[in-house]
Structures are given as structure tokens and as C-alpha cells.
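Enquirer: Chains as they are written, first to last, in the working numbering: chain A, 138 to 400; chain B, 138 to 400; chain C, 130 to 385; chain D, 130 to 385; chain E, 6 to 317.
Hints were generated in silico from the structure; no laboratory data involved. Wrong hints could be hidden among the right ones.
Derived DSSO-like pairs (lysine-lysine); straight-line CA-CA distance at most 30 Å [as the list claims (entries may be wrong)]:
no.: 1; chain 1: E; residue 1: Lys226; chain 2: E; residue 2: Lys215
no.: 2; chain 1: B; residue 1: Lys321; chain 2: D; residue 2: Lys296
no.: 3; chain 1: A; residue 1: Lys167; chain 2: C; residue 2: Lys282
no.: 4; chain 1: B; residue 1: Lys233; chain 2: D; residue 2: Lys296
no.: 5; chain 1: D; residue 1: Lys282; chain 2: A; residue 2: Lys233
no.: 6; chain 1: B; residue 1: Lys265; chain 2: A; residue 2: Lys321
no.: 7; chain 1: B; residue 1: Lys167; chain 2: A; residue 2: Lys278
no.: 8; chain 1: A; residue 1: Lys233; chain 2: B; residue 2: Lys233
no.: 9; chain 1: B; residue 1: Lys167; chain 2: D; residue 2: Lys296
no.: 10; chain 1: A; residue 1: Lys391; chain 2: A; residue 2: Lys321
no.: 11; chain 1: B; residue 1: Lys259; chain 2: A; residue 2: Lys390
no.: 12; chain 1: D; residue 1: Lys296; chain 2: B; residue 2: Lys265
no.: 13; chain 1: B; residue 1: Lys233; chain 2: A; residue 2: Lys321
Note that the coordinates shown come from a computational prediction; the quantities given were computed from them, not determined experimentally.
Each chain, letter by letter, is given below.
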Amino acid sequence: MTTRESINNLKYDPVVLLEGVAKSFVVGGKQLPILDEVSVRVGEGEFVSLIGPSGCGKSTLFNIICGLERPDRGRVVLAGNENLRAVDTVSYMPQKDLLLPWRTVLDNVILAREVAGDDREKARREAKELMSLFGLAGFEKSYPAELSGGMRQRAALMRTMLAHRNILLLDEPFGALDAITRTKMQQWLLEVWNRFRRAIFFITHDIEEAIFLSDRVYVLTPRPARVALHLNINLPRPRRYECVTAPDFLAIKKQIMQALTST
Amino acid sequence: MTTRESINNLKYDPVVLLEGVAKSFVVGGKQLPILDEVSVRVGEGEFVSLIGPSGCGKSTLFNIICGLERPDRGRVVLAGNENLRAVDTVSYMPQKDLLLPWRTVLDNVILAREVAGDDREKARREAKELMSLFGLAGFEKSYPAELSGGMRQRAALMRTMLAHRNILLLDEPFGALDAITRTKMQQWLLEVWNRFRRAIFFITHDIEEAIFLSDRVYVLTPRPARVALHLNINLPRPRRYECVTAPDFLAIKKQIMQALTST
Amino acid sequence: MIFRLINRIPVTALGIMAVLLVLWEAGVHITGMPVWFLPPPSRVFTALVEMLPQLLDHSRYTLLAALTGLTAAVLVALVLAVVMAMSPRIRQGVYPLLVFSQTIPIITIAPLLIIWFGFGIMPKVVVVTLVCFFPVAVSMAEGMQAADADMVKLLQVMGASRWQTIKLILIPAALPSFFAGLKIAGTYAMMGAVIGEWLGASSGLGVFMTRASHAYQADSVFAAIMIISLISLLLFALIELISRLTIPWYYNERRK
Amino acid sequence: MIFRLINRIPVTALGIMAVLLVLWEAGVHITGMPVWFLPPPSRVFTALVEMLPQLLDHSRYTLLAALTGLTAAVLVALVLAVVMAMSPRIRQGVYPLLVFSQTIPIITIAPLLIIWFGFGIMPKVVVVTLVCFFPVAVSMAEGMQAADADMVKLLQVMGASRWQTIKLILIPAALPSFFAGLKIAGTYAMMGAVIGEWLGASSGLGVFMTRASHAYQADSVFAAIMIISLISLLLFALIELISRLTIPWYYNERRK
Amino acid sequence: AAAGEEAGEGKIEPQSVTVMLDWVPNTNHTGLYVALDKGWYADEGLQVEIVEPAQGGATAPLVASGQAHFGVGYQEDVTQARANEVPVVSVAAVIQHNTSGFASPKEKGITRPLNMEGKRYGGWGAPTEDAMLKAVIEGDGGDFSKVEMINTGVADFFAAVERDIDFAWIYYGWTGVESELRGMELDFLEVRQLEPALDYYTPVLTTGEKLIKEDPELVHKFLRAVSRGYEFAIDNPEEAARILLKYTPETDAELLLASQKYLSPRYQDDAPRWGEQKAQVWERYARWMYEKELLPEMIATDKAFTNEFLPK
Ligand SMILES: Nc1ncnc2c1ncn2[C@@H]1O[C@H](COP(=O)(O)OP(=O)(O)OP(=O)(O)O)[C@@H](O)[C@H]1O
Ligand SMILES: Nc1ncnc2c1ncn2[C@@H]1O[C@H](COP(=O)(O)OP(=O)(O)OP(=O)(O)O)[C@@H](O)[C@H]1O
Ligand SMILES: [Mg+2]
Ligand SMILES: [Mg+2]
């Protein structure tokens, strides 16, 4: 797969389309603008990252896509259909893994299926088969507290995947991991993505992570957020971690760093 | 200041000296070795970093230095004096900022002085003068909840500094910050260090952070931890953030990355 | 499991208790207090042994009322907590009424309880329920309130109904807090049943105690109090056990 | 501040209350229940208005006993909590005794309380203290227990003594929990004082109620219950206010 | 026993009857328990359960509401209740004359009502107490306002006088006898000696107007059995005490026996049969209460009691 493909997808068939989305919150009696005319699109099967300083409004943007918040202005269109509800097309993985401590790993990953009213046993069987892909084989009956940080993130990602939605929103999924685990998880995420071919919209603080994973990157300004930079990552896939010290990579990194620090 | 100086310091006058320190915990009835013969030293006024995968035992090492845990084997000598208690010579900044939510910023930063039984008013006056150096001027009377993440870390560092100890142990102080804030804090930390000239022993996950800040870096293996690599960082000071894409820097980064992933 | 429970028997507490008993015994003898003023523990133990068959017989009634009332209290509390979780509006309406209900001194409305419910087990059960539902309802409601808001949002994005959210998130999240409340309620249950009997009954520890007290037998009264406390503590331990079996994940997490 | 408090008046709760009162009134009239069986709210209000001077007069005594007992309970609870915080050993020894103390039905030892303390304000204060210290002590102890262990370690590294740690970390960390317990205790305080008076007194709402009930004036009994509830709710509100003034940082944090 | 009866006589289900005592079982109640023990209720086809309150309870509403078929009350209480429209009726006087009075330890020196001035009285919060004391003290030329009234609630007489109380109103048959057993000397002022109007019936057996209207036969049966019980107790004090003790084993045997011996001759006393009540006694006391402003209105005393159900 090449970046070309996904850019074509983008042009003709965005599964997430945000146009001129603006949002402000009332904080201490005053209007605090958070998002200021943000326009973003994610194509089918595409991997798009969103970088921005802390508190600039990235999670708020996701909440708007999910339907948890309503934008003050602007348009949100999912899967090309204005009337589609977010719950039918979007699956969301928050920054905290939010595994339910009272459920085993197996019962955690089928949560979305259970909410959808699917047969629990069937969902469990399906999930069991995927356990090894997610590196969780043998831990079906463990409680989340018994897992390492990386395993918890994998379980959370598995739950997100098993919701069977076309769009995955991942909010800093690796934010809490250490550098080494994080690197491993990134490579693994690319494999899973490759296998399932869903559109992924990915929030991160980490410039290297964004470049390494994505087809395209949006860089946001500090609050109120606007798109400061929009960049295609034309690095060949599959990517290996060593590429982070390659000159191409470094050039992109410098560019993003500038966009982030100049604003 | 050059790296030479600190290496000289190290040779003749280590303020922290750990020799063959080993430690294991009893977990679920079994002995779980955490530290396996770790030897580390920090010279006067030197900046030394410790990198290692999550859960390898870095915080445990700090706990041993602080006297919160006793090593199973090995020797810990502080300031060259075997009989010196840690509380008299070490000041510790945990990974979480641990600001007391019920105290104002000013009262938080003088905490160690209050514990030492110093006059509160005098400590407050002293602290007020340093507020602007720590970028906290005007926030003396604020509660921690009203501060941003970066400000909280600065307040925690200020509390650590004001304890007037010769050795500062910083356990992943910037782990919770976003990339941009983190970069700014790193530069600022170097300034503060330059001004106060205390020995800093610094835990981090982040390879770039370790290289950018330190005179020397210890890389630990996964549990049970041993020193996998011990490296002088001979980059000239003062350092600017742009140097992270310089070839020298990248070479060191690659070397550390290898040490971390090969083990 | 059993090993761990045995390990948890509060040896220190028993020690302190023993010291207090010895001091009490000595105190009574040294000051020469009459029995009706304060019977020495030795007398209480003698009375306990002598009266044991009677005490156990009376205990049956009291325990039945306590357990029935506690069960009713749990049901009422759960229903209230779930209803309050349905919407903040309802919560705001119901919560102050719960607090209000606790400000009414039960013994003062007790005669009315008997007028309404007669002399059977019913008024005792009502008293126990009134005393016990509050700690359970409040801790359950607080537990649900304190559930992770992000988990709730996650379920919302999955398209869950309010009831699904309550079932999948709020109730399990509130269980540790629920059991904490239940333990308090369990402590009060026997006491509530005794108060209930005190208002009018033909058997039960409350009846035993009033008879003993009107017959000026302070040692028998204390023996009955000992039985009540003992049963209450057993109830407490039972709830602890149930809680460990019901929410193992919580105890495992805490041990870390 | 004041604006926020007014905002917090539970309108919905008052609404539900009003509906319940109307139903009650209607129910009494429709079924033709006699007053001694259940007086209608209108009769209760009339009695309240008629008896108000007397009720207020009696309230003074009850309120005094309630406040004194509550204060004593807070002091006892704080001392116990701090003592338990000194070491896990002590905690293990004292905690079960606290639970034990709550399993004793107070009314059954009431005659002894009177033998020991007479008919003055003392036994009422003791009853209130016995009823109220438990929720406060337990929540304070739990709050201290739940204090951030890393903060405690931080202080240890600073060289703090156990007492400094308690003073600088455990006590402030436990204050929110302390106030939660105090609110429960506040709810029980008036009730405790009334029970105390019921056991023997010359004035107070408990005495008023005993007299009214012996004179078959159920409406006056209910009027007294209303006064008790009202004072209890005011006490509750007062504690809420004190808590907001004492730990503003906690409320600010929660609002985020 | 009840089950055997049923099997023997066939289909007739015993009618279940609840009796509410005014206090813990004591010698005032002996007849009720004797009838139970001897199976005399069962003879009438009744299955009787006796329930008891912790404290001097107001049984009138319970009897009036039908929660209890019968209750143990006092004439003053019935009068007060009827004035407040509680439909309760006295059907038998347990003891012919009022054996209660004001007791105090000898050292308090209360040998006549005048001595009560400046002393503390421990009562149970019935409104009659104030009026009664006032009448008695003023009758002796004293000032009632100098007496401090304390509600002793659950505290018993001996506990009370040990603390802040100087004198209290007791039944001689129980508390007085206990003091004799303890060897404690009392000054005892019997109320009927102090004021003739106070020689009222205490305790009495009560029932509700509703029950009288709906099932008078039940009242007849019950009183037949109870009368037998009290008559037995009158003739066999020791045996009766032993029976009572069987049902309240928590009670002190010695006290019970002594009390029974005191009370047995007093149940019927000078009356033609056990339980008989005189209209004059009811009228005299109600009028007295009314004059002391204890009643909102004068009651029709003929409705407050009846001898109709006593066996001929
Ligand atoms: N419901 C709300 N009401 C008021 N302010 C809010 C609300 N939700 C978010 N905010 C504010 O909006 C701003 C943006 O929040 P958001 O969580 O979107 O930032 P973010 O970019 O995701 O930050 P981070 O990287 O730290 O997760 C923050 O200042 C936050 O305090
Ligand atoms: N008191 C203890 N008892 C038992 N095991 C412990 C204890 N303290 C730490 N451990 C275990 O020791 C290991 C090392 O812990 P430590 O906190 O030192 O790791 P770390 O290198 O600081 O990790 P991180 O980078 O995630 O902070 C972990 O597996 C931890 O679970
Ligand atoms: Mg966010
Ligand atoms: Mg650590």
C-alpha cells in the first residue's frame, strides 16, 4: 500500500468530514473559544493524525465527531451521509484505556457488541479467535488489573476494533506508555491496521509517532485551535522503526516542530 | 561549563555512590528480583540520567537512595559519608507532582522547610523572591488545581529546590507533559540547574530528553535491572533544542536505542 | 481464602477488649459498685451461660427480623439508587427526602408503626428497614455518582441506553461502595430489630432485655447485649465475606 | 456564594414533598381515618402553629444537647482517627471496637446511662455522642487511609515525623471525607438528643412528644417531628456551609 | 396443646386473640397467664398471644385500631383516650382499689405531700401526673410550683432515686415489694388516702368499641377465661406465681412470689366478683380530671366501661 491510494480515497470519499467547525465553552461565566474554524477530513481506510499542544481542543474535536458535544458552527458529515448517527459508524478509544475493572479481558473486548444487543456467546467466540493477534492469548479470563500497560492498551484497541465500525477514533492511545513499549505498540498498530483496513483518526502529542504512523498529519495551533499545518507523509510503507533517524523523516519532523513552536 | 569538569568531579567526589545494589520483592509468595547488581555514581553538581524500560526498577533505585527501601545487597553512600541520612542530603521529586491540593502554591513550595521546622514566614519571603525564576510570579496564592500541567511541574521542582539539599532526585518529572511543553520545560530546567548548581539524578523514558539534558546517561536492562550502557554525553553546553536533529545527537540516540531494544 | 480470613481476625482488638474487661472487673470490685449499678464481666458471663438457652431462643426471632429487614433495606436502597441514577433531576428530588427520612426519630413514630402494622414481625422489619436502607442507599448512590464519567461517555458513544449504562457501568462501579454501606447497615440491623421489639413483642432479645431490666437484673441485660453484639459482628463478617466473593476484582486491585 | 446556595435549594424535593403532603391529606379524608390513627397534615400544621411557642421552648434544650453531643462526637472521632493513623497496629486494634460500639442498642443501656449520669443534659449528650461519633470517626479514618501514599512517602523523604505527616497530609486529605461523615452525624444528632430525652428528662422535644403521646394528641407528636426534621436539615445545611468555607480547594477542584 | 385440641374436637379453628400488656409481665397480669397455662382460653376456642411493650405504653390506640383485641390499661388512660375520641372501653378492673402511691427512700423525709415542695418528682410524662401532684400538694397546703417534674422514661425507680429523683409514683405490688426484698425503707403515700377521687381502677382490661359491636361473644369468652385465671390466682397465690414465672423466666422468682402474695387478696377485695367496676368511680375520677382541665371535654362515663361481659 502507498500513500497515493489513501490520498485518492480522501479526494473522493471522506468518511469523516469536518467543515468550519467552531466550539466554545462557558468557563467562569465567560465564553472560551476552543475550536476556531477547524476543517479536517479522513478518507476511507486512511491513517490520519492530529497533533496539537495540550488543551488546544483535540479531545473536544473527537467529542464533536462522536456526537458527545455539538459544534457551535460548522458541519460534521460521517461516511458521506449527513443523517448518519455517530454511534453507527464511529468507534472511539479514549486516552485512558477505560477497561472495566470488574470484567475479564474477554468480556471487556466484547463490550460494544453487548451494548449493540448481539449474542454474548457468539461475540465471545469471535473475540477468542482474535486474542492472539492482539497479543492477549491466554489472558481471556484475567482482570484488567493483572495486565501490563501495553497489554491494557491492546485490549482497549481490540474492544475498539470489535465494535465493527468503519472509523476508529484513537485519542492518544499510547500517551501513558514508556518509550520502548510505545515503539513496539506503534509497529503492532500498523499491522492491525493493515489487517482490518479501517480509517483511523489518531490524536497524539508525539511528533515522531504521528509521522511514523500516518498517511497525513494535521497540526493544530494552541487554543483556540486552527489547522496550522496539513502534511502528507510520503514515506514508503511498510515502515520500520529505524526510519525515524532517516533524513526524510527528520525534515518532516523539523517542519512540524516549527509549526508547533512558531504559533 | 564543559562535560570534562563534571567527569572530574565524578572521579574524585561522588555525592551519590551505589555499588552492587541488589533488591528483590516478594510477589505472590515468590522472590521477584528487581535490581541485579546496579552500580551508579553521581558527581557534585553533575546532571546524570537513568533510562530504562517501564517496570525495570528505576523508581525502586531512587527509593533505595532515599532510604524508603533497604537494598538486599550492595552499598549506598551519600556525599561520601556512609553515616549520612538521606533526609539530610537528598531532595526528591516524584513522577506525579504531588502538590498538596489544599495548600496554595506558595505554601506548597516551602513544604520541606516547614517540615524541617524553619520559620514559615521567612521561608515564604525567600520563596516569593524566586517565584519569577520558576515562572510562577503572580500565582503565589493560587491552588494547584488552578495551574497548568507545566506550571505544576515547575512548582514541584521549586519545592524540591527549596529543600536546600545537594542532591536532587527527579523521577520522570516531565512524563505527564505534552511534547511542546516538555521541550520548554527541559530548556528551563537547564537554566535553573545552571543557576543552583546542584547534582541532579534524573529518571526518564525519553531518550532525547536524557541526551539533551545530561552529562552522563545510564541505560538499564529490563527487570532485573543491570546497567546495560554507560555513556558520556560530550555535547557542548549551553544546548539548544535544535541540536536534537544534529548528527552527533542522532548517533548517541541510535546507540541508546540499540542498548534498549537489544536487551 | 479461609487462611486469609483467619489472618484477618483482629487479634489486637481482642487484646484491647480483654484488657478493658479486666479493668472493668477490677474497677467494679475495687469501688464495690453494686451489681445494678454496673455488673462485673464475671457476673455477665455467668448470666450468659445460665441464660444461654433462653437467649438463643429469643435470638432466633430477633435475627429473623434483622435479616428480613436488612434484605428489604437492600432492595429499597437499590431501587432508590437506580431511580436516582436515571436522571440528575430525580436525584435532586429524592436525595433530600432520604436525608429527611433519617431525621425522624423512629422511636417516636413507633407507636404508630404498631397501630399500622400490628404486633407481628412486620413493625420490627419496618424499623430495621428504616434504619438500614439509608447507609446502603447513600453509598450506592455516591458510588454510582463517582463512577468514571469517561466510561459512561464511552458507552454513550457505543450507543448504550441509560439503562445499559446503569447496568454495565454504574452498578458494578458502585459495588465496593455498596458493600461498605451494607457493612454499616449490617452493624445497625440487630440493633434496629431490638428497638422494634422494644415497642411491643412477645419474644425476641428486646423482650428478654426489658423483662430482665424491669426485674432489676443488670447482668442478664448485659448478657443479652453481648449476644446482640456478637451476632452483629458475625453479620458484619458475613457481609465482608460476600463482598469478597462478589467483587474479587476490587480486592485484587487494592492489594496491588 | 449566597447565590449558589439559593440555587442549591432542592426545588424538586420540595415539589415531591408537597405532592406527598397533598396525597396524605386527601388519603386521610377519603378513608375517613381518625386523627389518632394518622392525623392529616392540615391538623399537624394547626397544631404546629398553636404549639409553636412551647415547641420552640423545648427545642432549645434539645438543640443544646444535640450541638454539645455533636461537638463531643467530633472531638472523640478526631482523636480516635488520629490515634488510628499513628500505626496500622493501633488501627487494627481500635477499628473493630468502634464497629462493636455501634452494635449495642443504645436504648437498652439507657437505664444505665441514667444511673451513671443522672437526668440532666449529660446522658443526652452521651447518647448523641455515641450515635454521632461513629460516622465521623469512620469517614475520617477512611479518608486518612485513602490519602495519597506517595505524598506520605514524599514527606518521609523530607524527614517528617509521623505526627508531621498526619498534620500536613493525612488530616487535610481526609477533610472532604470528614465533612461527608459529619453531614451524616448532623442528620442523626437531633434524633439522638430526642432519644436521650425520651429516656428521661424534664424538658426538650422528647419530653414534649412523650406527653403529647400520652395525651393521645398525635397531631402534636407530628408537629414535634416536623420541628426536629426542620432543625436537622438546617444543621445539615450549616455543616455544608462550613465545609465549603473550610475546604474551598476541594469544591473548586470538583467543579472542574 | 392447641394442635391436640384441634385434632380432638374436629373442624373448629381456634380464634386467635392478641392481648397487649402495659408493661413487662408482672403480677398485675397473673390471671392472663394462668388462663393461658391452664388451657382456659382454649376451652373457649381462643388462641391467645400476649405481647408486651418495653415501657409503660399507651395501649388504647392499639386496642381501638384492632391491632390488639384486648389491652391492659388504666382508668385515667381510658378516660384521656376517650376524650380524644379514641374508641376504647374498659371491660374489667384487675384490682379493685388503687394500690399506687408516691414512694421515696426514707432519708428523703417525704412523709406527707407538703414535704414534696422543693423535691424532684420522676414521672413518665402522663398529663395526669402534674394535676394529681398539684391537687395532693395543695390539699396539704403546699406549693406545687416548687416541685421539679422530671420524665424518668425508661429508668426504674431504684435507678431514679439513686440519681436526681427524690420521689416517684409506683405500684406498691411490684416496686414496693422489691424494696422490701432489698431491705430498703420507703415512705409510701398511697394516693387513695390522699384524695378519694384518686381511688380509680388501675390497671383495667380494655377492648375496642368495634370489637364489642362486631363480636361481643369473643369478649364474653375472653373474660370468662380471664376471670377463671384471676380467681385461681386469688385462691392459689404460690401456684399462680409459679405459672407466671414459667412465662417470664427472666423475672426474679423471689420478687414475683412476694408480689403475688401481696396482690392476690387485692384483686377482688371488697367487690362482689372479680373485675366489677362502679359507675361512681368512673364518674368521680372523670369529673376530677375535667375540673383539673386535663380533659378537653367531660366524657360520657357510661360508655367508657362496662360490666356486661363479666361472667355472672
Ligand atoms: N465541558 C467543558 N466545559 C468547559 N471547558 C471544557 C470542557 N471540555 C473541555 N474544556 C476545555 O477545553 C480545552 C480543550 O480541552 P481538550 O480536552 O479538547 O484538550 P486536548 O487538546 O485534548 O488536551 P490534551 O492533549 O491535554 O488531552 C481545555 O482548556 C479544557 O479545559
Ligand atoms: N513494594 C513493592 N512490592 C512488590 N513489588 C514492587 C514493590 N515496589 C515495586 N515493585 C515492583 O517492582 C518493579 C519495579 O518497579 P519500579 O516502580 O521501580 O519500576 P520503574 O522502573 O520505576 O517503572 P516506571 O518507569 O513504570 O515508573 C515493578 O514490577 C513493580 O511492580
Ligand atoms: Mg485530550
Ligand atoms: Mg517509576
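Enquirer: Hint by hint, note whether the structure agrees.
Expert: Status of the hints after comparison with the structure:
no. : hint                   : in the structure
1   : E:Lys226 with E:Lys215 : holds (16 Å)
2   : B:Lys321 with D:Lys296 : violated (36 Å)
3   : A:Lys167 with C:Lys282 : holds (25 Å)
4   : B:Lys233 with D:Lys296 : holds (21 Å)
5   : D:Lys282 with A:Lys233 : holds (26 Å)
6   : B:Lys265 with A:Lys321 : violated (45 Å)
7   : B:Lys167 with A:Lys278 : holds (22 Å)
8   : A:Lys233 with B:Lys233 : holds (16 Å)
9   : B:Lys167 with D:Lys296 : violated (37 Å)
10  : A:Lys391 with A:Lys321 : holds (24 Å)
11  : B:Lys259 with A:Lys390 : violated (48 Å)
12  : D:Lys296 with B:Lys265 : holds (24 Å)
13  : B:Lys233 with A:Lys321 : holds (25 Å)
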